[in-house]
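Student: Chain by chain, the residues run as shown.
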Amino acid sequence: MKLFEYEAKEIFSKYEIPIPNGGLAHSPTQAREIATRVKAPVAVKAQVLVTGRGRAGGILFANSPRETELLSRKLLGAEISGLRVQSILVEEKLLIRKELYFGITLDRSSRNYVAIASSEGGVDIEETAATAPERIVKVLVDPLYGFRPYHARQIAKKLGYMMGQMQELSAIFLKLYKVAMDYDVELCEINPLIETAEGKFVAADARAVIDDNALYRHPDFQRRLTETGMAELTPQELETRKMGLAYVKLDGNIGVIGNGAGLVMATLDAVQLYGGNPANFLDVGGGASSDRIAAALNLVFSDPRVEVVFINVLGGITRCDEIAKGILEVKARKGFVKPMVIRLVGTNEEEGRNVLTEAGIQVLNSMEEAAQRAVEMAKTGR
Amino acid sequence: MGIFVDSRTRAIVQGITGTQGSFHTELMLNYGTQIVAGVTPGKGGTQVHHIPVYDTVEEVLKEHEADASVIFVPASFAAEAAFEALEGGLKTLVIITEHIPVRDAVQIMARARQEGAVVIGPNTPGIITAGECKLGIMPANVFKRGTVGIASRSGTLSYEIAGGLSTRGLGQSSCLGLGGDPVVGLSFVDVLTEFQKDEHTEAVVVIGEIGGNMEEGAAEFISTEGYGKPVVAFVAGRTAPPGIRMGHAGAIITGRAGTAQSKIEAFKEAGVGVAEKPSDVAKMLVEMLKEKDIFGG
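Protein sequences appear in the order of chains A and B. According to the working numbering, the first sequence is numbered sequentially starting from 1. According to the working numbering, the second sequence is numbered sequentially starting from 1001.
In case anyone wonders, no lab produced these hints; they're calculated from the structure. Small disclaimer: the values here were computed from a predicted structure and weren't measured. Each residue gets a CB set at the ideal place from its N, CA and C atoms; glycine is no exception. A couple of the hints might just be wrong.
What the hints assert, rightly or not - Below, in silico cross-link-like pairs of lysine-lysine (DSBU-like), each with a Cα-Cα straight-line distance of 30 angstroms or less:
1) A:K93 <-> A:K175
2) A:K157 <-> A:K200
3) A:K157 <-> A:K242
4) A:K338 <-> B:K1277
5) A:K178 <-> A:K249
6) B:K1277 <-> A:K249
7) A:K2 <-> A:K242
8) A:K379 <-> B:K1277
9) B:K1197 <-> B:K1043
Claimed, not checked - Here are a few chain A residues that sit away from chain B, every Cβ distance over 10 angstroms (derived from the structure):
10) G82
11) E120
12) D142
13) M243
14) N253
15) N259
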């Protein structure tokens, strides 16, 4: 789950990581009040869950409370990279001496967390990794031992800071590591981490992504994700989440349903290989009941762009007769609103196939033959 | 024969009294797997499919000899179960549970490194050494005894491909699911290394998907070390958009890293045959083994 900048900064300030003076506004009037309080010039920042927000016009600067109000009016309700701006962060504009980067993330190959710092802040860290790898400092963290004060000092030294500045900077690093662990983040970063003209350090931007599987430990965020409309998920995606389905909307016209993430991905690939375009990824998971498959089918049917539905099931713990039952439930209730191609093999294959054949539904054996068929149907309209 | 587990492996099942744990214990027993005991805190003294249940791993190990544990414990307690098994001295852990927080997974792996234990998973169908031992939830009927080793990041896709191999008369030595999570205990390189040492394995199938760089690692391993056995790879997710999780927590393209294209190219550069569709894997292996003149021999 991605956090908004203001949410991440609320956490930062709880951990005493310095952030700019400012506040969250939902209206131009509120924005004006904040600008008056923190004394303009200010930065006016759209709260949207996209990276590259600045380039997309989501960060503006105002020299007076009045200008803040005007710019806020422009930003609030506008769309940045396709997402509607519902709130803005108004913050004092900092006098910058230098922009740094600091982040904690997962290093999948070493199975550890890694602390990453760079003297090149304000740009995407991947960009720096590609163009100037020598400007990046990395420390792998042994989880049983932790990210220690001396690790933090090593990094601060390598970024070129000494004395009080080294202490101040390393303290921020340690606090961010604590945030990372306490909030189960996959990634949290301060970019840029600003060295101000006075030589102080301030987290000018904040990004945090909480591990979805750990959300049960963070009920406030879990609630925010599932109950309000401000989430990064579409209502459809939220609904499927609740049903235990993994759904991703794509932009083609062949709806795909299958069991197992790898198999469904391979099914999308096969559709594309034969010249078709998948409309979605939908994994019903292991051991799907007839209800779950019916819900999946209804969801795909409800997508107006879908012209053909392709079901690819390889039953292991999933039973083919349950799948067939779910398909027939949908048929009985509203009929098939769209043409379908079904491939069904594995556990209780015979039973599933028989039930469907009796109902006049053809079942195929090979996933690739079925993919080809689905593509043909989508092209010819039957 | 096979890797990590064989007919001598004695396993316990943690979470044996749950729906999944109990159901799959029966299927593992039917396959001939030696399950010596189960653990569910609070259910000690009962039995599941005639297998004695204990409250703690420590108690199990006072009464039974065991080398492995299959974990079905719910995600929020799974790390606890894994630590208990590791502290008890079990050297092979198969963690079936999905949705374990990644911070817990990182700690499990660190502890396992200390203990010198192997962790398969989390979020894995498990491991099967055909005809000998099944620690996991894969459908046994798709596998046939033979000489092809399979390492996969996806369950159903490995059944799809194993089934295709079996139909063409290519049986398997072992089939192992690495797990669909971002942090799992084994990499493709670890498993390739085991298959290389295993004299019963004559060829290996690597089934990868988007996310991380394990496939690139495997390609590098094969090209620098030379592998000596035919390898065929399949990579799922060529159509996956960046930044979005495709079902598995670990199946995500982050920034520029983890695309199917990068993995496919790495394999090709390393001289590994890359199958375009799942069914091509068997076709390619038949050809390669013919060339090697060991097919059918």
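Student: State for each hint whether it applies.
Tutor: We went through each hint and held it up to the structure:
1. A:K93 <-> A:K175: holds (24 angstroms)
2. A:K157 <-> A:K200: It holds: about 16 angstroms lies between the C-alpha atoms, which stays within 30 angstroms.
3. A:K157 <-> A:K242: Violated, at about 48 angstroms.
4. A:K338 <-> B:K1277: Holds, because 27 angstroms separates the two Cα atoms, which is no more than 30 angstroms.
5. A:K178 <-> A:K249: violated (35 angstroms)
6. B:K1277 <-> A:K249: It holds: about 23 angstroms lies between the C-alpha atoms, which stays within 30 angstroms.
7. A:K2 <-> A:K242: holds (18 angstroms)
8. A:K379 <-> B:K1277: Holds: A:K379 and B:K1277 sit about 21 angstroms apart, inside 30 angstroms.
9. B:K1197 <-> B:K1043: Cα-Cα ~41 angstroms, so violated.
10. G82: holds (13 angstroms)
11. E120: Correct as stated: the minimum Cβ-Cβ distance to chain B is 16 angstroms, above 10 angstroms.
12. D142: violated (6 angstroms)
13. M243: A:M243 is indeed farther than 10 angstroms from all Cβ atoms of chain B, at 14 angstroms.
14. N253: holds (14 angstroms)
15. N259: Non-interface label fails for A:N259: nearest chain B Cβ at 6 angstroms, not farther than 10 angstroms.
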